[in-house]
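Undergrad: Sequence:
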Amino acid sequence: MTLMDRFALFQPLDFAALGMIFFFWAAIGWRVEHPSAKHLSTTRIMAGYRQEWMRQMVTREPRIFDAQVLGTLRQGTAFFASTSVIAIGGTLAVIGNAERLAGVAADITLMDHPTIVWELKLMVLTLFLTNAFLKFVWANRLFGYCAVLMAAVPNDPSHADAFKRAEQAAQINITGARSFTRGLRSMYFALASAAWLAGPIALMAASLFTVIVIWRREFASHSRKILLNP
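Numbering (this note's numbering), first residue to last: 29 to 258.
Hints in this document: simulated from the structure, not taken from any laboratory. Hints are supplied without guarantee of correctness; some may be wrong.
[Said to hold, decoys possible] In silico EDC-like cross-links for lysine to aspartate or glutamate, where the CA-CA straight-line distance does not exceed 20 angstroms:
1) Lys192 <-> Glu89
2) Lys253 <-> Asp184
3) Lys192 <-> Glu61
4) Lys253 <-> Glu61
5) Lys253 <-> Glu80
Build the full structure now, drawing on both the sequences and the hints.
TA: In structure tokens form, the structure reads like this:
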């Protein structure tokens, strides 16, 4: 079966739904990382707190608390990276047994498609999961860099490099957190992409629901209001 023959198995609505989920994934990511100055996202608000954390660390003795917090962040990235690998493995296993999946999906959707259709749909899910894994691994490594920079901050607050090193650590910490957040978004949309097995309308609905959930958590959540309180 040629590539064009495979594309012919999908309806125009399928391509529209596929374009919609990738558009929402890219658009909400850009909006979260580039919000307006009057309506900051939770991610950007937390970036300010991360900078304050590193400034406070300069004068905190001992710095065991800071090490514990950073260790917790690394544990979180490692957990989600492991979860992504397991999910990728499970999805690839299902793709390898696509005949059984085709039978189950046909019973649910009442549509009898060739096995290749279900395999291609699952590949989109795998793509999102793989991106999530890569983001979590990079976030874990960046938090490791942050740990080294934190250790390089002089114990003397009056040292010329103290706050300079602290700011460097803050920026690496913020970059790691951004990568972690991107990984979470990819996992959200991976779950949404699974709805494609039920048809393009289901995929559109799941994509819209996912972007609404992410928007609310970043721009209209109760936790955001708490973070904004002086």
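Undergrad: Does Glu61 lie within 20 angstroms of Lys192 when you go C-alpha to C-alpha?
TA: Answer violated: Lys192 to Glu61 is near 24 angstroms, above 20 angstroms.
Undergrad: Just to be careful, I want the Cα atoms of Lys253 and Glu80 compared with a cutoff of 20 angstroms; is the pair within it?
TA: Since the Cα atoms of Lys253 and Glu80 sit roughly 18 angstroms apart, the hinted pair holds (cutoff 20 angstroms).
Undergrad: When you check the alpha-carbon spacing of Lys253 and Asp184, does it fall within 20 angstroms?
TA: Roughly 36 angstroms between the alpha carbons, so the hint for Lys253 and Asp184 is violated.
Undergrad: Hint check: Lys192 vs Glu89, CA-CA at most 20 angstroms. Holds or violated?
TA: The given pair, whose Cα atoms are some 18 angstroms apart, holds under the 20 angstroms limit.
Undergrad: Decide if the proposed pair is consistent with the structure: Lys253 and Glu61, CA atoms, cutoff 20 angstroms inclusive.
TA: holds, 18 angstroms
Hint check: violations occur at hints 2 and 3; the rest are consistent with the structure.
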